[in-house]
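Here is what each chain is made of, one letter per residue.
2 protein chains.
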Amino acid sequence: MLRTALGQMEVIPGRPDLNSRTILDMIEEARAQKAEIVIFPEMAIPGYLLGDTWEQRAFLRDCEEYGKSVVAASRGICVLFGNVGVDWNKTGDDGRVRKYNAFFVAQNGRLVGGEKYPYPFRIKTLHPNYREFDDTRHFYSLRKLAQEMDMAVEELLQPVAVEISGRCLKLGCILCEDGWSEEYNVKPIETIHRNGPVDLFINISASPFTLGKNNKRNRVFSKQVAAAGVPLLYVNNVGIQNNGKTVYTFDGYSTVYDADGEITDYCHPFSAGLKIVELDLSASAKKRPCVTVPDDRDIASIYKALHYGASKFLSAIGMKKVVIGISGGIDSAVSACLYSTVLEPENVLLVNMPSVFNSRTTRDLAAGLAQNLGCWYTVMPIQEVFEYTVKQIGRTPVVNPNNNSEFNLNVSSFVSENIQARDRSARILAGVAAAFGGGFTCNANKSEMTVGYTTLYGDLAGFLAALADLWKHQVYELALYLNEHIYGREVIPRKIIDLVPSAELSPEQDVDQGKGDPIVYPYHDYLFRAFMEHWNRATPEDILTWYTQGVLEEQIGCRPGLAAQLFSSPAAFIEDLEKWWKLYCGMGVAKRIQAPPVLAVSRRAYGFDHREAQNQVHFTSGYQKLKRELMKEIG
Amino acid sequence: MLRTALGQMEVIPGRPDLNSRTILDMIEEARAQKAEIVIFPEMAIPGYLLGDTWEQRAFLRDCEEYGKSVVAASRGICVLFGNVGVDWNKTGDDGRVRKYNAFFVAQNGRLVGGEKYPYPFRIKTLHPNYREFDDTRHFYSLRKLAQEMDMAVEELLQPVAVEISGRCLKLGCILCEDGWSEEYNVKPIETIHRNGPVDLFINISASPFTLGKNNKRNRVFSKQVAAAGVPLLYVNNVGIQNNGKTVYTFDGYSTVYDADGEITDYCHPFSAGLKIVELDLSASAKKRPCVTVPDDRDIASIYKALHYGASKFLSAIGMKKVVIGISGGIDSAVSACLYSTVLEPENVLLVNMPSVFNSRTTRDLAAGLAQNLGCWYTVMPIQEVFEYTVKQIGRTPVVNPNNNSEFNLNVSSFVSENIQARDRSARILAGVAAAFGGGFTCNANKSEMTVGYTTLYGDLAGFLAALADLWKHQVYELALYLNEHIYGREVIPRKIIDLVPSAELSPEQDVDQGKGDPIVYPYHDYLFRAFMEHWNRATPEDILTWYTQGVLEEQIGCRPGLAAQLFSSPAAFIEDLEKWWKLYCGMGVAKRIQAPPVLAVSRRAYGFDHREAQNQVHFTSGYQKLKRELMKEIG
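Protein chains in written order, with the numbering used here: chain A, 12 to 646; chain B, 12 to 646.
Next up, chain A with everything else stripped away, as it sits in the complex (with noise of 0.2 Å):
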């Protein structure tokens, strides 16, 4: 039997001095429990997402000094670890210090595995340089490695050797995507199998949660580990790590897979610890019983993410109080409620921030939501200012000093409602914020962020945009759980969750005359989601085509036959992907590049997951042709 332990930390991102503190915490209580070997996460020790802190010299350096005092708590027990390795005499492609995401193996105060390698640790194989990964800008991968050595990149895969209990045992190191090789010709997991034997696959990772990804991880996992026959452990860091406008959280989910890749052991999600799990490595092994693990595909995942999120983020930015602008709408109403599971009643602040726009109906639904949560609440309304500010700005002569020409400026209905709209956040809450102690919540939601219907420096400000991963749908699913599994009794009222969903800046908004949003969420949502979520992303070419084929809600999953009964002819239904793919692809971009962090739970986020640039919105010639076939075919 190996008497093993996964090291699921806390990692904070580039603060070598704590998580080598942690990690001696760890190996401390693991000698304790008598553990053989204990394993810590990818870049456990800098942390993962940093940006280009790695072109400090003086962070590399400390971040060898923090693995070398953990190398020396090796005594007695093999201590497993992910670290930046440096190459001092090497560069990298920019010119800089060469660094590799690398893995450590330390036995009695020494490295272990160097023999017949070129250092002395292991080199992550595959770079991902997708979603929200940028390995490539940083490290040297060992397929660069091998082929400046001029060697075939599957030599280098090697198990590394130690010495247990005075039995040798090979373990296969890898590094989180060397687990995901489905794409790429070099396959780790069964190259390393096919150098060794290995007795024990170890894959250290450094991977943030997303919707399904656990899921997809046992899968793709377990084929690999069933084919090698051999078990294998992985070992993930909780906590959060962000690479600026997005928030990422690390769910651990540290799994054990015995050598039919079944699962017999996780840690549990968002929650550090160590695990103590004894393996049985012997041919003649007893088969362990299986464990079934949650999907993490539901609501209560995502609510578990954003919980766990915002309550971490708060305290890494060293925020203690938040001020949330209440409208007696949807999405304030659930940022309210996810807060209040966060932060003690005392503080949150809730501000209610009315124009005569808004309905009597919005405003006690405002106050009611005050009451139920029981937190500090006050009503600032903006109506003073509003029309000070449309008369000062409409009313205030514009001269040319020159020739003491002058006109007046007019103020639009439409820029009325932005004024409002900033009125309240950038005026009110970020100087209630700022007099509270805290910070104010932007309550934008993913439907919303796609197309810009937000006002930039109005709702669409905010330290963090907790719910700005999840397309409406999903925000009124959050507060239907909020409701029944988190607070137990009807915090949100129903009547928030049944009304029309409105801005509330003109007339036209009148939620009391059932007026609102223009975007249908039924389908927009899912339009929307085809646009930015789709793996091969849909642009109107696809879109269309789709919709003559009519197979369109199929492909997007929104409800059969919602498009013939939203729009009565192609002109209409093309008028309306027209409007929703320019605002996608311009103000879209414009508001997002300065919009707050999101916190991601979906398989893609905005922000450093979904780079874009302003420019020109673009129809391709295929989308074209169709357009006019149809619009002949009418006419």
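Mixed in with the good hints there might be a few duds.
Since the list gives no way to pick one copy over another, a pair counts as held whenever it fits inside one copy or between any two copies.
[Claimed, not checked] Lysine-lysine pairs mimicking DSS-like chemistry, simulated, CA-CA at most 25 Å apart: (1) K297 / K234; (2) K110 / K198; (3) K79 / K590; (4) K315 / K332; (5) K298 / K526; (6) K332 / K636; (7) K638 / K332; (8) K224 / K79; (9) K526 / K101; (10) K593 / K332; (11) K101 / K234; (12) K636 / K331; (13) K526 / K286; (14) K286 / K297; (15) K636 / K79; (16) K638 / K79; (17) K315 / K227; (18) K332 / K590; (19) K331 / K593; (20) K332 / K227; (21) K298 / K234; (22) K315 / K643; (23) K402 / K332; (24) K224 / K590.
Keep in mind the hints are simulated off the structure, nothing from the lab.
Starting from the known structure of chain A, fit chain B onto it as the hints suggest.
This is chain B only, laid out in the frame that chain A set:
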């Protein structure tokens, strides 16, 4: 003689329809001018900085189609151009369809060069994945392809043979970074030459302007060309492209290097057009006279890039009018002058927004500036709404609806300062801009951006931060340059240049008493630059090391003796250093996440090339040791 046309075209990113139109027109022009060969830049059809548009299959098909129209137009002329090369049967590392950054050679309606090569186009070998470049995310490099094919990359680096006027010419076809191979272990020019013979090298590029880059290119390219003894044509595009957070200008500067590596001709920077060049490729070629390329590191180059960039950005986003808040200070004055070189006076509106803290001095200077520029001008004071806001926030009771306890928020003087800044931008300027039918500018400079000495939704707001890649001392330089060289008169009143820089948000920032910003620009500009721009980014550990060694000023480039003059003791030096480092890594990051796009001129601008995370501030153990020693010496 080979009659060659350099197609220094303006590339519109994301518009293959427009770009292929430009190419077709230029081919016609080249043909009319009897050119035998015409060359267009890298990614001339799709554009280069497109974010994740590369994931849209319809867009890829579109680029292919437009590419075919260019190939079809190559009757009687050899056409060289960059486009995306798609292999629909293979995938990239991300599992999406495989894309190459490709070099196409077309002649008589057909592609040339596919013999003994896996594709009918050449593939970029070296993929920059540093700075603002993101090639690895989207494209499969020749290095990866070679590894997949189990070949040495060198075997694939072969010239392309074309027949021109009955003579076989061997062209060394490379793309951009392939010419910048110093840091790579693959050397495309050297290798293709060795695999040759080669008659002519052609480097097609999409290379943004940054200060000093052309000077460096000329050194790097000349050296390789001289070693090979073969002439090289460098063709780069003009226009602007952006990646959301950062806007890059492309200066073209297409260049002819003779067989000795000397420059015999070049295209005017920032100017689109076809240039005809006669090349003698025979062994007995007579040496042509060399030309001198102007230095591109001076303030004139900065001005040229900013003027071009601002102008092109306005037309790219369809903005015809701008509103500029002018305080009577230097940044807004330079911003107003810059935009006045781009737009007619009737499309520029300057707004002065005084509170009681704004001196008569600066208000008069603002009015004087407006008069000098002859654009629209208005004064909209913020005092009333500012006072109203302070009262509204401070006097509206905050209640707990459950127990009716209540309290009042306290609006401190610091909170008041930011209220003023936001009132100016989010209330007045945003409203005025919308009513005027344009956008409002962000006038922040790089020094402020570095440490977040700006107010979010206040002076950090705007549609573009045109001066945010200039250190404060460069803003002054630009002011002098504008007066002297662009306007030829004192359009920026001398007093604005001489005045102490100040935010004028409190009595502590009274310019008439010589009080102003906490940043001592002659020192901090250089300290911040060391943090941010140095290739090996400096951290407090480096700074303190240099300080103790007495080489600080030399290392960071500021005036000798300045540190001793500013800081009476090491303790004072350390306090200052830690204060700004914390702001740079802390609040500065949070603000930059929501900052407007920055117009880049330096080797490193904020945005996509300064990747950063909202992480905890870290001081390395090396720094802490140095600090302890230094403080002990004193104690």
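Quick rundown of the hints versus the structure:
1. K297 / K234: Classified as within; 20 Å inside a copy, 67 Å across copies.
2. K110 / K198: Both, since 22 Å and 22 Å are each at most 25 Å.
3. K79 / K590: neither (58 Å within a copy, 30 Å between copies)
4. K315 / K332: Within one copy only: 21 Å inside a chain, 47 Å across chains, cut-off 25 Å.
5. K298 / K526: This pair counts as neither: shortest intra-copy Cα distance 62 Å, inter-copy 77 Å.
6. K332 / K636: This pair counts as neither: shortest intra-copy Cα distance 55 Å, inter-copy 35 Å.
7. K638 / K332: Neither, since 52 Å and 34 Å both go past 25 Å.
8. K224 / K79: This pair counts as neither: shortest intra-copy Cα distance 33 Å, inter-copy 40 Å.
9. K526 / K101: Intra 65 Å, inter 50 Å, cutoff 25 Å: neither.
10. K593 / K332: between (38 Å within a copy, 21 Å between copies)
11. K101 / K234: Between copies only: 23 Å across chains, 38 Å inside a chain, cut-off 25 Å.
12. K636 / K331: For K636 and K331, neither the intra-copy (56 Å) nor the inter-copy (32 Å) Cα distance is at most 25 Å.
13. K526 / K286: neither (55 Å within a copy, 60 Å between copies)
14. K286 / K297: within (21 Å within a copy, 78 Å between copies)
15. K636 / K79: between (64 Å within a copy, 17 Å between copies)
16. K638 / K79: Classified as between: cross-chain Cα gap 22 Å, same-chain 64 Å, threshold 25 Å.
17. K315 / K227: within (19 Å within a copy, 52 Å between copies)
18. K332 / K590: between (39 Å within a copy, 24 Å between copies)
19. K331 / K593: Classified as between: cross-chain Cα gap 19 Å, same-chain 40 Å, threshold 25 Å.
20. K332 / K227: The answer is neither: 37 Å in one copy and 51 Å across copies each exceed 25 Å.
21. K298 / K234: within (18 Å within a copy, 66 Å between copies)
22. K315 / K643: neither (51 Å within a copy, 49 Å between copies)
23. K402 / K332: Cα proximity of K402 and K332: across copies only (22 Å, versus 35 Å in one copy).
24. K224 / K590: Neither: 33 Å inside a copy, 41 Å across copies.
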